[in-house]
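*Asks:* Each chain is listed here by its residues.
Protein chains: 2
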Amino acid sequence: MNYFSSNFKLGILGGGQLGKMLLYNTRKFDIQTFVLDNSDQAPSKIACDKFVKGDLLDFDTVYNFGKQVDVLTIEIENVNVDALEQLENENIKVYPSSKTLRQIQNKANQKLFYVDHNLPTAPFSRFAYLSEIEDAIKNGGLELPFVWKAARFGYDGNGVKIVRQLNDLEGLPAGECIAEEMIPFKNELAVIVARNVSGDIKTYPVVEMEFHPEANQVEYVICPARINDDVAKKAQDVALKTAEAFNHVGLLAVEMFQTQDDQILINEVAPRPHNSGHQTIEASFTSQFEQHLRAILDLPLGETKSKVGGIMVNLVGAEGHTGNVLYKNIENIMNLEGVTPHIYGKKQTRPFRKMGHVTIVNEDLSKARQIAEKVKNTIQVISE
Amino acid sequence: MNYFSSNFKLGILGGGQLGKMLLYNTRKFDIQTFVLDNSDQAPSKIACDKFVKGDLLDFDTVYNFGKQVDVLTIEIENVNVDALEQLENENIKVYPSSKTLRQIQNKANQKLFYVDHNLPTAPFSRFAYLSEIEDAIKNGGLELPFVWKAARFGYDGNGVKIVRQLNDLEGLPAGECIAEEMIPFKNELAVIVARNVSGDIKTYPVVEMEFHPEANQVEYVICPARINDDVAKKAQDVALKTAEAFNHVGLLAVEMFQTQDDQILINEVAPRPHNSGHQTIEASFTSQFEQHLRAILDLPLGETKSKVGGIMVNLVGAEGHTGNVLYKNIENIMNLEGVTPHIYGKKQTRPFRKMGHVTIVNEDLSKARQIAEKVKNTIQVISE
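Just so you know, the protein sequences line up as chains F and L, in that order. Counting from 1, position 74 in the first sequence corresponds to residue 74 in UniProt numbering; the numbering is continuous, with no gaps. Counting from 1, position 141 in the second sequence corresponds to residue 141 in UniProt numbering; the numbering is continuous, with no gaps.
Fair warning: there could be bad hints in the mix.
The list cannot tell twin chains apart, which means a pair is met if one copy fits it or any two copies do.
When the alpha-carbon atoms are kept at most 30 angstroms apart in a straight line, the in silico DSS-like pairs for lysine-lysine are as follows [stated by the list, open to error]:
#1 Lys-138 / Lys-354
#2 Lys-233 / Lys-93
#3 Lys-347 / Lys-45
#4 Lys-99 / Lys-346
#5 Lys-367 / Lys-328
#6 Lys-241 / Lys-376
#7 Lys-233 / Lys-45
#8 Lys-99 / Lys-9
#9 Lys-138 / Lys-347
#10 Lys-376 / Lys-305
#11 Lys-50 / Lys-328
#12 Lys-367 / Lys-186
#13 Lys-367 / Lys-67
#14 Lys-45 / Lys-234
#15 Lys-305 / Lys-328
#16 Lys-67 / Lys-347
#17 Lys-347 / Lys-93
#18 Lys-374 / Lys-186
#19 Lys-347 / Lys-234
#20 Lys-161 / Lys-53
#21 Lys-328 / Lys-67
#22 Lys-367 / Lys-45
FYI, nobody ran anything at the bench for these hints, they're computed from the structure.
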């Protein structure tokens with residue numbers, strides 16, 4: 001197929017910030033784009049050729065949208081997978097595949113997939129209902145503490161809770177979930193793997209993530225991770241094996257724990273451009289967004305190495321502020337070396353809401369880290 | 001003014017490829033954008049908040065458009081300057097100013113401006129009509145050869161011709177023009193200067209341009225230029241002085257000749273993002289487009305240094321091909337290290353038409369130059 005012809009159409013399910021950044025790269029290749037999103041206010045709306053408002057979880061909506069395009073991809077996992085499967089049967093190219101999405105959408109299935117493929121992950125138990133966890137604790141089948149995870153629809157720290165005592169279960173959703181062994185870890189790492197339709201595969205450098213202790217959201221992403229070469233190699237190998245096990249096409253972001261004894265355990269994966277790859281826009285030879293396009297269009301993959309050290313700071317709404325957003329001191333951070341803010345354009349802030357990110361690049365990573373801290377301590381996402 | 005508020009509106013006159021690349025960067029800062037263009041098919045149309053089709057040279061059209069925005073900028077010089085002046089009188093911020101645009105729009109005035117400000121440029125004579133040149137040659141007032149330049153509306157090699165004999169004048173436009181002394185030069189250089197509203201000023205590294213001998217279009221832009229430090233310093237000084245003489249706000253691309261005895265002469269300027277700065281997207285800490293926004297919004301200017309060596313290859317339509325465009329072998333060039341194509345999305349190709357550009361980045365500039373040549377010899381912009 002000639003992707004550089006005016007007839008080719010790419011469809012994207014989801015019109016959020018990730019989709020918007022993907023769309024900028026479709027422009028470099030002059031690709032016609034169709035976007036489906038639940039909201040009429042989706043950020044992608046003004047960056048695509050055709051925007052369709054509709055329910056991403058509705059079979060007919062996704063199916064009818066998909067029938068109009070040649071290649072269909074996602075920027076969010078919560079979409080109607082049955083429709084994707086039907087589209088595949090009718091020869092629409094869907095990347096990631098319905099099969100992969102089905103395995104990933106449900107965290108219990110995702111964990112079972114790792115076990116089935118001898119991929120390292122923390123031990124866990126699966127429960128059809130939250131009440132079964134309570135029973136298991138009471139009858140000694142499950143030991144405290146553990147990490148409770150909802151099997152479905154968790155994101156950004158929602159759907160995950162550390163359970164230290166029985167009443168920590170109060171208020172959690174009643175449905176399917178897993179209880180995962182708590183792993184004391186040195187680092188949270190991530191590797192983005194790109195694999196194109198022909199099976200060419202490349203990994204980006206390992207990044208290191210620092211989480212905000214309360215909000216359970218990534219605070220800094222540091223590229224490359226400050227770990228030794230053996231651990232980095234191990235993490236990249238695990239990521240490569242994971243992408244190959246899924247027979248994945250597109251980007252796969254593999255989030256991992258580095259344990260106290262330097263084992264690598266997979267935490268979870270995202271089959272699309274990911275928060276842990278935003279620094280690639282400024283720091284890498286090929287941004288994750290361009291790479292995702294190259295992969296799903298079966299073009300040669302771009303260089304994944306870095307030009308300079310890169311750090312990403314998430315911009316999240318400050319505590320105690322809800323309302324019309326104000327980016328206090330944004331001019332001050334733009335005065336620091338190598339700093340680029342990315343404002344997502346959400347009009348309303350609330351505590352811990354992801355409102356944007358800032359990239360800091362520098363030849364010297366430790367200098368970038370210092371500037372990143374200054375950025376974090378200077379800019380404030382507050383309400384007017 | 002708070003540029004990061006939802007009420008702020010930026011207007012752009014012209015909706016071409018430069019405007020489109022500028023618009024991607026407005027998204028990072030979540031800036032509301034209005035675009036005016038002559039054509040309903042303008043590339044910017046799907047990248048702005050509000051698109052207006054209208055004549056850029058019509059007073060009322062430009063005035064009424066400008067009244068809707070807070071800051072107005074251009075991506076093309078051929079706009080109605082009287083309207084811009086009126087808007088300035090009514091406190092709309094216009095960058096570059098109407099005064100600067102008036103000085104630049106007319107190449108004869110532009111040359112006189114350099115003379116008035118002691119800025120180095122090639123000797124020239126000004127003529128109200130082409131017929132006056134003929135007279136001047138005949139009566140010995142003008143010596144052959146010289147470079148004829150139309151005073152207005154020349155671009156991309158149009159409006160410029162080397163006149164070696166009298167009948168080279170045949171077929172040239174009859175209007176105002178200049179005859180410029182032919183300067184034997186070693187190099188064509190360019191420096192992009194950024195100056196913000198507060199007067200902070202920065203230059204990008206000097207780039208070196210190689211022109212296609214027939215089409216008089218830039219073939220390679222090489223960053224940094226392979227010249228010695230003294231010449232580079234001289235070129236940057238001339239560029240800085242030029243921007244200051246214009247009291248310029250925004251980007252000013254200063255194209256220069258390096259003469260055989262290493263003097264620097266200004267060729268011409270463009271008061272906006274420029275073809276000689278496209279490699280900044282991939283090679284620089286701050287792309288020229290982000291920098292233009294920072295300048296006109298009076299934000300701190302970003303770093304202008306490079307992360308890696310960068311070379312830009314213009315993609316122009318091959319000779320002998322007119323019709324629906326086909327980018328032959330584009331997949332092959334994407335397989336080369338550090339190569340990113342930018343396809344402008346024009347559906348029809350014709351000989352020497354600018355259809356896109358390709359950036360090649362590499363830590364080693366000489367390696368980038370080798371790859372650039374491979375790119376040029378591999379990709380072909382032909383008709384189907």
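*Asks:* Look at each hint and say if it fits the structure.
*Replies:* These are the hints, each one checked on the structure:
For the homomeric pair Lys-138 and Lys-354, neither the shortest alpha-carbon distance inside one copy (38 angstroms) nor that between copies (73 angstroms) is at most 30 angstroms. In this homomeric assembly, Lys-233 and Lys-93 never come within 30 angstroms of each other (Cα to Cα): the closest approach is 33 angstroms inside a single copy and 54 angstroms across copies. Taking the shortest alpha-carbon separations for Lys-347 and Lys-45, both the intra-copy value of 15 angstroms and the inter-copy value of 23 angstroms come in at or below 30 angstroms. Proximity of Lys-99 and Lys-346 under a CA criterion of 30 angstroms is satisfied in neither setting, with 33 angstroms inside one chain copy and 38 angstroms between copies.
Taking identical chains as interchangeable, the C-alpha atoms of Lys-367 and Lys-328 lie at most 30 angstroms apart only when both belong to the same chain, with a minimum of 23 angstroms there against 44 angstroms between chains. Proximity of Lys-241 to Lys-376 under the C-alpha cut-off of 30 angstroms is found in neither arrangement, the shortest distances being 35 angstroms within a copy and 37 angstroms between copies. With identical chains, the CA atoms of Lys-233 and Lys-45 are never at most 30 angstroms apart, being 40 angstroms at best within one copy and 46 angstroms at best between copies. For the identical chains of this complex, Lys-99 and Lys-9 are intra-copy neighbours only, at 23 angstroms inside a copy versus 45 angstroms across copies, given an alpha-carbon limit of 30 angstroms.
In this homomeric assembly, Lys-138 and Lys-347 never come within 30 angstroms of each other (Cα to Cα): the closest approach is 46 angstroms inside a single copy and 69 angstroms across copies. Taking the shortest Cα distances, Lys-376 and Lys-305 sit within 30 angstroms of each other both inside one copy (26 angstroms) and across copies (24 angstroms). Taking the shortest alpha-carbon separations for Lys-50 and Lys-328, only the inter-copy value of 27 angstroms comes in at or below 30 angstroms, while the best intra-copy value is 35 angstroms. Taking the closest pair of Cα atoms, Lys-367 and Lys-186 come within 30 angstroms of each other only inside a single copy of the chain (22 angstroms); across copies the shortest separation is 40 angstroms, beyond that limit.
In the homo-oligomer, the alpha carbons of Lys-367 and Lys-67 never lie at most 30 angstroms apart, since the shortest distance is 50 angstroms inside one protomer and 45 angstroms across protomers. Taking CA atoms no more than 30 angstroms apart as the test, Lys-45 paired with Lys-234 passes in neither setting, with 40 angstroms inside one copy and 47 angstroms between copies. In this assembly of identical chains, the alpha carbons of Lys-305 and Lys-328 lie at most 30 angstroms apart only when taken from different copies (27 angstroms versus 34 angstroms within one copy). Taking the closest pair of Cα atoms, Lys-67 and Lys-347 come within 30 angstroms of each other only across two copies (25 angstroms); inside a single copy the shortest separation is 33 angstroms, beyond that limit.
Taking the closest pair of Cα atoms, Lys-347 and Lys-93 come within 30 angstroms of each other only across two copies (25 angstroms); inside a single copy the shortest separation is 35 angstroms, beyond that limit. With identical chains, the CA atoms of Lys-374 and Lys-186 are at most 30 angstroms apart within one copy only, with a shortest distance of 24 angstroms there and 46 angstroms across copies. In the homo-oligomer, the alpha carbons of Lys-347 and Lys-234 never lie at most 30 angstroms apart, since the shortest distance is 42 angstroms inside one protomer and 47 angstroms across protomers. Taking identical chains as interchangeable, the C-alpha atoms of Lys-161 and Lys-53 are never at most 30 angstroms apart, the minima being 33 angstroms within one chain and 53 angstroms between chains.
With identical chains, the CA atoms of Lys-328 and Lys-67 are at most 30 angstroms apart between copies only, with a shortest distance of 28 angstroms across copies and 45 angstroms within one. Within a single copy, Lys-367 and Lys-45 get their C-alpha atoms no closer than 38 angstroms, and across copies no closer than 40 angstroms, so neither meets the 30 angstroms cut-off.
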